[in-house]
Amino acid sequence: QRERDEFPTLKNFKGLQFKSSDSTIYMNFRFRMQSRIGAYTIDGNSLGIREFDVRVRRLRMRVDGYLTSPKLSYTIQLAFTRSDQDFDDTGVANIVRDAVIFYNFTPNFYVAFGLNKLPGNRQRVNSSSQLQFADRSIVNAAMNIDRDFGIKAYYQNKIADKVVYHLKGAITTGEGRVANNTDDGLAYTVRGELLPLGAFTDEGDYSEGDLIREQKPKLSFGVGYSKNVRTTRSGGQIGFYLDQPVTLQTYFADAIFKYEGWAYQAEYIKRSTNLALTYDDEGDVKYVFNGQGLNQQLSYLFNNNYELAARYSWLSPNQNIQLYQQEAEIVELGVTKYIHQHRIKMQLNANYQIEQGMFALDNEGNRWGGVFQIELGI
Amino acid sequence: QRERDEFPTLKNFKGLQFKSSDSTIYMNFRFRMQSRIGAYTIDGNSLGIREFDVRVRRLRMRVDGYLTSPKLSYTIQLAFTRSDQDFDDTGVANIVRDAVIFYNFTPNFYVAFGLNKLPGNRQRVNSSSQLQFADRSIVNAAMNIDRDFGIKAYYQNKIADKVVYHLKGAITTGEGRVANNTDDGLAYTVRGELLPLGAFTDEGDYSEGDLIREQKPKLSFGVGYSKNVRTTRSGGQIGFYLDQPVTLQTYFADAIFKYEGWAYQAEYIKRSTNLALTYDDEGDVKYVFNGQGLNQQLSYLFNNNYELAARYSWLSPNQNIQLYQQEAEIVELGVTKYIHQHRIKMQLNANYQIEQGMFALDNEGNRWGGVFQIELGI
Amino acid sequence: QRERDEFPTLKNFKGLQFKSSDSTIYMNFRFRMQSRIGAYTIDGNSLGIREFDVRVRRLRMRVDGYLTSPKLSYTIQLAFTRSDQDFDDTGVANIVRDAVIFYNFTPNFYVAFGLNKLPGNRQRVNSSSQLQFADRSIVNAAMNIDRDFGIKAYYQNKIADKVVYHLKGAITTGEGRVANNTDDGLAYTVRGELLPLGAFTDEGDYSEGDLIREQKPKLSFGVGYSKNVRTTRSGGQIGFYLDQPVTLQTYFADAIFKYEGWAYQAEYIKRSTNLALTYDDEGDVKYVFNGQGLNQQLSYLFNNNYELAARYSWLSPNQNIQLYQQEAEIVELGVTKYIHQHRIKMQLNANYQIEQGMFALDNEGNRWGGVFQIELGI
Numbered sequence: 001q002r003e004r005d006e007f008p009t010l011k012n013f014k015g016l017q018f019k020s021s022d023s024t025i026y027m028n029f030r031f032r033m034q035s036r037i038g039a040y041t042i043d044g045n046s047l048g049i050r051e052f053d054v055r056v057r058r059l060r061m062r063v064d065g066y067l068t069s070p071k072l073s074y075t076i077q078l079a080f081t082r083s084d085q086d087f088d089d090t091g092v093a094n095i096v097r098d099a100v101i102f103y104n105f106t107p108n109f110y111v112a113f114g115l116n117k118l119p120g121n122r123q124r125v126n127s128s129s130q131l132q133f134a135d136r137s138i139v140n141a142a143m144n145i146d147r148d149f150g151i152k153a154y155y156q157n158k159i160a161d162k163v164v165y166h167l168k169g170a171i172t173t174g175e176g177r178v179a180n181n182t183d184d185g186l187a188y189t190v191r192g193e194l195l196p197l198g199a200f201t202d203e204g205d206y207s208e209g210d211l212i213r214e215q216k217p218k219l220s221f222g223v224g225y226s227k228n229v230r231t232t233r234s235g236g237q238i239g240f241y242l243d244q245p246v247t248l249q250t251y252f253a254d255a256i257f258k259y260e261g262w263a264y265q266a267e268y269i270k271r272s273t274n275l276a277l278t279y280d281d282e283g284d285v286k287y288v289f290n291g292q293g294l295n296q297q298l299s300y301l302f303n304n305n306y307e308l309a310a311r312y313s314w315l316s317p318n319q320n321i322q323l324y325q326q327e328a329e330i331v332e333l334g335v336t337k338y339i340h341q342h343r344i345k346m347q348l349n350a351n352y353q354i355e356q357g358m359f360a361l362d363n364e365g366n367r368w369g370g371v372f373q374i375e376l377g378i
Numbered sequence: 001q002r003e004r005d006e007f008p009t010l011k012n013f014k015g016l017q018f019k020s021s022d023s024t025i026y027m028n029f030r031f032r033m034q035s036r037i038g039a040y041t042i043d044g045n046s047l048g049i050r051e052f053d054v055r056v057r058r059l060r061m062r063v064d065g066y067l068t069s070p071k072l073s074y075t076i077q078l079a080f081t082r083s084d085q086d087f088d089d090t091g092v093a094n095i096v097r098d099a100v101i102f103y104n105f106t107p108n109f110y111v112a113f114g115l116n117k118l119p120g121n122r123q124r125v126n127s128s129s130q131l132q133f134a135d136r137s138i139v140n141a142a143m144n145i146d147r148d149f150g151i152k153a154y155y156q157n158k159i160a161d162k163v164v165y166h167l168k169g170a171i172t173t174g175e176g177r178v179a180n181n182t183d184d185g186l187a188y189t190v191r192g193e194l195l196p197l198g199a200f201t202d203e204g205d206y207s208e209g210d211l212i213r214e215q216k217p218k219l220s221f222g223v224g225y226s227k228n229v230r231t232t233r234s235g236g237q238i239g240f241y242l243d244q245p246v247t248l249q250t251y252f253a254d255a256i257f258k259y260e261g262w263a264y265q266a267e268y269i270k271r272s273t274n275l276a277l278t279y280d281d282e283g284d285v286k287y288v289f290n291g292q293g294l295n296q297q298l299s300y301l302f303n304n305n306y307e308l309a310a311r312y313s314w315l316s317p318n319q320n321i322q323l324y325q326q327e328a329e330i331v332e333l334g335v336t337k338y339i340h341q342h343r344i345k346m347q348l349n350a351n352y353q354i355e356q357g358m359f360a361l362d363n364e365g366n367r368w369g370g371v372f373q374i375e376l377g378i
Numbered sequence: 001q002r003e004r005d006e007f008p009t010l011k012n013f014k015g016l017q018f019k020s021s022d023s024t025i026y027m028n029f030r031f032r033m034q035s036r037i038g039a040y041t042i043d044g045n046s047l048g049i050r051e052f053d054v055r056v057r058r059l060r061m062r063v064d065g066y067l068t069s070p071k072l073s074y075t076i077q078l079a080f081t082r083s084d085q086d087f088d089d090t091g092v093a094n095i096v097r098d099a100v101i102f103y104n105f106t107p108n109f110y111v112a113f114g115l116n117k118l119p120g121n122r123q124r125v126n127s128s129s130q131l132q133f134a135d136r137s138i139v140n141a142a143m144n145i146d147r148d149f150g151i152k153a154y155y156q157n158k159i160a161d162k163v164v165y166h167l168k169g170a171i172t173t174g175e176g177r178v179a180n181n182t183d184d185g186l187a188y189t190v191r192g193e194l195l196p197l198g199a200f201t202d203e204g205d206y207s208e209g210d211l212i213r214e215q216k217p218k219l220s221f222g223v224g225y226s227k228n229v230r231t232t233r234s235g236g237q238i239g240f241y242l243d244q245p246v247t248l249q250t251y252f253a254d255a256i257f258k259y260e261g262w263a264y265q266a267e268y269i270k271r272s273t274n275l276a277l278t279y280d281d282e283g284d285v286k287y288v289f290n291g292q293g294l295n296q297q298l299s300y301l302f303n304n305n306y307e308l309a310a311r312y313s314w315l316s317p318n319q320n321i322q323l324y325q326q327e328a329e330i331v332e333l334g335v336t337k338y339i340h341q342h343r344i345k346m347q348l349n350a351n352y353q354i355e356q357g358m359f360a361l362d363n364e365g366n367r368w369g370g371v372f373q374i375e376l377g378i
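Protein chains in written order, with our numbering: chain L, 1 to 378; chain B, 1 to 378; chain C, 1 to 378.
Pulled out of the complex, with its shape left as it was, chain L reads as follows (with noise of 0.2 Å):
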């Protein structure tokens, strides 16, 4: 079983594990730390250095595991960086990622309470251990919905024996990880995937690159909608605070296939806001990021364990902000390095980003990126 993050990782775990004598206790613990050393060029001409990304990024510590019986299960993880814990939108050293309890009902369905991630986005939802590219794409990044408090349901089958369905829902508080309280303006988040070709290996459809190497063709479709009633945050759930609340409705569609070390993955993206700028009382503006975007990834798993990856990602703000934000596209590269699967690798991404669809390496905004990442975990 890979981590995934919408439910525990109880199987096939190697690493610190302990169960009482009854076997009514059980608990595995884990941790993951990602450093890197990045760079942005000042323009696309030059080569000179506008900024380095250097530091630890995530270090994570995780326990799964199940109380009284299987059926009562829990995920705790907890992020000590900066970037993790969320400090510079919101002020507060927010160090839980994930304090969640599921509950069975039967093996086919069970709902979760606590903080965890929404049934959003395809890249979103699977673990930033999992990741093929140092970072997720652009598009994840503006408008991906991240986690939050409240109650999910997960439900999952199959059809003539073969076809896999997931159906998955959730109403949450709408403020994300930082809320202590809200007002009665919730989130609400639907979900489907159909896996036409059966269940992938291990659970790879939450999980880029195809590590396992399919033997027989895989394929996931999602789609999903989440509504954000009246959230006083830029992204919904996560970003900066506005001025004003707004409501923010957020469309998914995307899918995974794999094969014979071949993966390809696509996600499109589409939010509508229904309040695009807010104002101070000194008549400053904030800008509630709504536009549509596509990332695709194309990789290919060699017997050597290194993984070649091509990357392309398209973010177009709609008009009503286009004053604060360009339309940009990235085309990147990536070598990875697969140790030990996902827990243990290394990474070199090289990127080039283009504003306003303007390929010339003079146009302004171009520029070029890269980032090596090392990756170690239990």
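One or more of the hints may lead you astray.
Because identical chains cannot be distinguished in the list, a pair is counted as satisfied if it fits within a single copy or across any two copies.
[Unchecked claim] Derived pair list, reagent style BS3-like, types lysine-lysine, alpha-carbon separation capped at 27 Å: (1) 19 <-> 337; (2) 71 <-> 158; (3) 337 <-> 71; (4) 286 <-> 227; (5) 162 <-> 216; (6) 286 <-> 270; (7) 337 <-> 216; (8) 71 <-> 162; (9) 162 <-> 286; (10) 71 <-> 19; (11) 158 <-> 216; (12) 227 <-> 270.
Hints listed in this document are in silico derivations from the structure and should not be mistaken for laboratory results.
Start from chain L and add chains B and C according to the hints.
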């Protein structure tokens, strides 16, 4: 042994224990989380929601153990949620909750050095994992003396081989968990307890509800006093920062009785201050709570481990601050299902808050409230 | 093996160790806490208390281990107290202290990637769990280069089969633990050590006091240099934020000698800056420490594991900042009872601080200080 906040949990722990082969190092590791969905109405007449209280209320990790021999023991407790960090009052991420070393000079006498709870009112010293309602009372909230750094001494003995008594004393900084340093205005706390019918089974005098179903009646009386000299915070060890230092005196009296599934507890607290109002340079006022209050709780545990509990709390500010805070009463009913003692439980509470002694639904300030909480821990 | 901050503790650890059955995963888990009661007097003539220093000074958790093989090792250290978070200088809860991966190319050569201590002055690289006084010296406080994110390389070898030497180098961000990103003004550090009488037993050159009671005399000399280009913080990797970037150059020379319970250590540090005073828009000034200092410590360990230690520290700011900071000397005496090596110890220190070289009790700025500290850890 129950979890208690005046001594490490060293006995009968079921979970993650580690002991070195020569028995000179012992550790036990625990965590617990409390997640809740609560709400308050706009007023007493309608059920429109003024505010939701929806969050991971507590997420804590705790290590208890001893080193070299059980005479030298310790407790460490870390708290990761925003509300547990005491961030909103102090602007500092106070993650350390307990960090204290205990030395047993004799089986009946030990001293503590470090940060942990003061021997204040019973409900506060009671671990938040051993409560029968989702929150402690408004009386506790207004006048408890929380945790503080310093030296504490604990002595217990018996009279006539049956009557148990406890004597406790502490000299501490008076500024609570956040303090890095302090002036010479310290805090002095004493407390005595008398158990005329002998010790409670399994230390049940610091655990709410009679989960043990005491076969013989058990009773404990406690009285205490704390003087906090020139503190800079509104509640002494807790609360917001004041513009002038104040000296607080707090008096405690409490009792708990348990028998065959019934539990009754009461506590009275009274606080006085040398300065009720402090002003900043611009004349803005902050007030220091002073006044009195009484909390009573009665509960019965059914054989299916469902408990019914009722609570009545009364909090009365002194005349000098009634411009800022009104007399309040809360009547509350609770149902708790204990799945694994206090460690795994589900709680449903409903309450009605009364301002200024006017029970009428249309009295200004009156409101309904309710909360559903799940606690899960090892 | 002692705890040291330039390599994980992999050997001879007694406590919580975990190894997978195929020996590809190894972890050891440790914690420690330091709690203290200290005080400073108002002046040299009276013993009236100006301020108490009463708190949990350090509470840390640490995981060392390796993955796949001992060639790929790591250290993670988290720090939870307010002072360890470096919160008061940065406004950020910096919990991550070490997060670093080591790769041993050969037994004599390894590189580190991530966040840990720079190879600066000996007393700073010495773990705070291996000190013989409650605090490091004022010389260290003024000019150490602390921790930084980047790449470090360590090489050691022998000459004539006896004389040991170490060469260390680092390229790092220069802004310390808090940095998320940085401009191209990096920090460059080199350090060399020579041990003419061979290696210390059990790596005792990075542990204060001769707890091992070296049977033969042991000696280590170290010299180092660090250049921090365009840092934005007053101490380079540490300190408050400046209004203009500065470039710091720091020179280190130190030595440690141990023999039969005696230990002597000395370190000299000198710092220069290209800009001693920075101004904000309103003309308010901040100064950058530059100057020199010398710290010396002498100790003897009695057979009952009581140690007597004396320290003399001298810190002299350059002329350009003497309006803001005076020359200072501290004479300090310490008694330490080692209960379980450095892991469990009690320390009592008393000191006298002298401003501007005037020893007289009535000299302005002179004062007495004392601290009692307990360290407890595994």
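| message | For each hint given before, does the structure comply? Return the numbers of the non-compliant ones in rising order. | response | Structure breaks hint 9 only.
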